[in-house]
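Peer 1: Top line first, the protein sequences correspond to chains A and B.
Using the numbering used here, the first residue of the first sequence is number 1, and each one after it goes up by one.
Using the numbering used here, the first residue of the second sequence is number 1, and each one after it goes up by one.
Since the hints were derived computationally from the structure, they do not count as laboratory data.
Values in this document were obtained by computation on a predicted structure and should not be read as measured data.
The beta carbon of each residue, even a glycine, is placed where N, CA and C say it ideally should be.
Take every hint as true, because none was put in to throw you off.
Derived Cβ-Cβ restraints for the label pairs, each shown as a range:
1) B:Ala58 with A:Asp25: 21 to 31 Å
2) B:Asp139 with A:Tyr59: 17 to 27 Å
3) B:Met1 with A:Phe64: 33 to 43 Å
4) B:Ala133 with A:Lys45: 20 to 30 Å
5) A:Asp30 with B:Phe31: 32 to 42 Å
6) A:Trp8 with B:Arg105: 34 to 44 Å
7) A:Arg12 with B:Glu130: 13 to 23 Å
8) B:Leu34 with A:Asp21: 40 to 50 Å
9) B:Pro91 with A:Tyr59: 28 to 38 Å
10) B:Phe31 with A:Lys45: 32 to 42 Å
11) A:Ala38 with B:Asp136: 20 to 30 Å
12) A:Lys67 with B:Glu90: 36 to 46 Å
13) A:Thr37 with B:Glu130: 21 to 31 Å
Residue strings, one per chain:
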Amino acid sequence: MKILYFAWLRQRIGVAAEEFDLPADVTTIDDLVGYLTAKGPGYAKGFAEPQVIRAAVNYEYVPFDHKLSNNDEVAFFPPVTGG
Amino acid sequence: MIKVQQEDFDVSAELAALAAGNHGIGGIVSFVGLVRDLVGPDNAEPALRAMTLEHYPAMTEKKLGDIEAQANARWPLEASLIIHRYGRLEPGAQIVLVACAAAHRQDAFDSCNFLMDWLKTEAPFWKLEETEAGEDWVDSRASDDAAAARWQAKPDRAAE
Numbered sequence: 001m002k003i004l005y006f007a008w009l010r011q012r013i014g015v016a017a018e019e020f021d022l023p024a025d026v027t028t029i030d031d032l033v034g035y036l037t038a039k040g041p042g043y044a045k046g047f048a049e050p051q052v053i054r055a056a057v058n059y060e061y062v063p064f065d066h067k068l069s070n071n072d073e074v075a076f077f078p079p080v081t082g083g
Numbered sequence: 001m002i003k004v005q006q007e008d009f010d011v012s013a014e015l016a017a018l019a020a021g022n023h024g025i026g027g028i029v030s031f032v033g034l035v036r037d038l039v040g041p042d043n044a045e046p047a048l049r050a051m052t053l054e055h056y057p058a059m060t061e062k063k064l065g066d067i068e069a070q071a072n073a074r075w076p077l078e079a080s081l082i083i084h085r086y087g088r089l090e091p092g093a094q095i096v097l098v099a100c101a102a103a104h105r106q107d108a109f110d111s112c113n114f115l116m117d118w119l120k121t122e123a124p125f126w127k128l129e130e131t132e133a134g135e136d137w138v139d140s141r142a143s144d145d146a147a148a149a150r151w152q153a154k155p156d157r158a159a160e
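Looking at chain A on its own, in the form it has when it is part of the complex (with noise of 0.2 Å):
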């Protein structure tokens, strides 16, 4: 799967994208931000707060209920600020 970060979700882990395979025990989003979370401290910063962070699967924002395809592009940011 492709993991895009945006904003200073960006800024805090480091990366703008990365691709993996989904992990076996990675099935939504909610277990997707704990496993990046457990990647490093940049990510950890980045989560701390998940319930501001703003999740997008195939470019439709979802819950982080939201059940995973290993064949998704998945993105991660802080709220909206255009206009």
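Got chain A; can you put chain B on it based on the hints?
Peer 2: Below, chain B alone, put in the same frame as chain A:
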């Protein structure tokens, strides 16, 4: 029509192109968003040097297209246009243009308002402010969420 671009836009040329050849259009309502300096009358905030807009290109195209389709489903529009810029913009620069053309003005006003409200809460853009004090990401505003939510609570004019 959706345009996501770095370059500036010419509002009058865009509006002329939007209306060209369609004499069923009775009016166009447009909104232009600008980069606003933070400095208030009391000089409480450091001066803004620039604002950098980051976005998620594939999702931006999709969400703006979805939002425009919703507006067209809800109001009888003859034409609509969203232009959103990204990259580094200085105070006074144009960021966004939303224009809605309809036979009657109320549909144009309402749909333009709707598009701006939804764009602010749905389109994946993020603003990084650059001031004398350093860089900081702009926080989202609860008032923007409330502005978007009122379109869910309120029946549209056609249903009234």
